[in-house]
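Construct the entire structure; sequences and hints are all you get.
There are 2 protein chains.
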Amino acid sequence: MQSRVRAGEKLTEVAEPRDAMLHFIGRIRTPWTERKDCPRQGRTDGPECRVEVFAPLAEALLGVEEYGHLDLLYWLDRARRDLVVQNPKNDGTHYYGTFALRSPQRPNPIGLSRVRLVRVEGAALIVRGLDCLDGTPLIDIKPVTCEFTPKAPPKPADG
Amino acid sequence: MQSRVRAGEKLTEVAEPRDAMLHFIGRIRTPWTERKDCPRQGRTDGPECRVEVFAPLAEALLGVEEYGHLDLLYWLDRARRDLVVQNPKNDGTHYYGTFALRSPQRPNPIGLSRVRLVRVEGAALIVRGLDCLDGTPLIDIKPVTCEFTPKAPPKPADG
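One line per chain: the protein sequences are A and B, in this order. At position 14 of the first sequence the residue is numbered 41 (this note's numbering), and the sequence of numbers has no breaks. At position 72 of the second sequence the residue is numbered 99 (this note's numbering), and the sequence of numbers has no breaks.
Incorrect hints may have been included.
What the hints assert, rightly or not - In silico negatives: residues of chain A with every beta carbon more than 10 Å from chain B:
hint	residue
1	R33
2	E36
3	R77
4	E79
5	H96
6	R105
7	G119
8	T120
9	R146
Stated by the list, open to error - Simulated coverage check for chain B against chain A, where a stretch passes if three residues somewhere in it have a Cβ under 8 Å from a Cβ of chain A:
hint	segment
10	86-93
11	98-110
12	120-134
13	158-170
What the hints assert, rightly or not - Partner residues are not named here, just some residues of chain A that face chain B (Cβ under 8 Å, in silico):
hint	residue
14	G35
15	A47
16	E86
17	V91
18	D109
19	N135
20	I166
Simulated from the structure, these hints should not be mistaken for lab results. Note that CB positions come from ideal geometry on N, CA and C, so glycine has one too.
This is the structure in structure tokens:
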């Protein structure tokens, strides 16, 4: 059952609800146009990148400027999805399961970086700490809340 | 602009190019069967939960036992996807954009928890730090690598 909508909350139109279908919510601009140039992992002292949110969702950024760090999820659209065991060093010796690696090649090729928010420019976020190709589709933005008091009152199950 | 279709050429149906499809890779077992009982955020001193990986992907866990912490992604299949501005306290006063909240209600309802790996039991992981309902579909498992030396040699773009 869907949650009820509260007074003053706002809705936007979405496509038909289909199980496990993602909608791209924006686009990421980085300095890297070839995979060989991408850093292996983002660094929060790396170059500034621009996270552009599509217009219908611009209001969903309200309050994001209060956070110093964000978790960004993005879609690695050039990855292959059928690799189970990988040889990241290409040495024929060291093999790791896909779930013991942060390689882009995985059943659901979602990239995740914890980035530093530098500033907000309209419907775009300027961040440091990304590792992906220019043009990568954006899936989600989540604030890193561990450094803050929860905004909502605690629930008994919070323990 | 799309190419014109010529006489005798055939088309098939494809997904919208701005969408991506996820495959569930497993199932999460937690003590919580109602949303009101779920903690607001997982805690690494919370109860043990069981992350079951479907059989065809069991080998993808090779080496995961070397890690103390994992990022888990899961699909919040009861969430609504069209909320842009939310009122988490239900007080009619404090409104936040969806991307300034870790609420399950979001355009792509993916949950993300950084969990502590307690032990591996075959194709299941016992972890602490989850916040989701029993039966939640699993999307991805990623090791938290910041505490370790990278396994692959650095690339020039690593900076």
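Hints versus structure:
{"no.": "1", "hint": "R33", "result": "5 Å, violated"}
{"no.": "2", "hint": "E36", "result": "5 Å, violated"}
{"no.": "3", "hint": "R77", "result": "15 Å, holds"}
{"no.": "4", "hint": "E79", "result": "13 Å, holds"}
{"no.": "5", "hint": "H96", "result": "13 Å, holds"}
{"no.": "6", "hint": "R105", "result": "12 Å, holds"}
{"no.": "7", "hint": "G119", "result": "14 Å, holds"}
{"no.": "8", "hint": "T120", "result": "12 Å, holds"}
{"no.": "9", "hint": "R146", "result": "15 Å, holds"}
{"no.": "10", "hint": "86-93", "result": "holds (count 7)"}
{"no.": "11", "hint": "98-110", "result": "holds (count 10)"}
{"no.": "12", "hint": "120-134", "result": "holds (count 12)"}
{"no.": "13", "hint": "158-170", "result": "holds (count 6)"}
{"no.": "14", "hint": "G35", "result": "6 Å, holds"}
{"no.": "15", "hint": "A47", "result": "4 Å, holds"}
{"no.": "16", "hint": "E86", "result": "5 Å, holds"}
{"no.": "17", "hint": "V91", "result": "4 Å, holds"}
{"no.": "18", "hint": "D109", "result": "10 Å, violated"}
{"no.": "19", "hint": "N135", "result": "5 Å, holds"}
{"no.": "20", "hint": "I166", "result": "5 Å, holds"}
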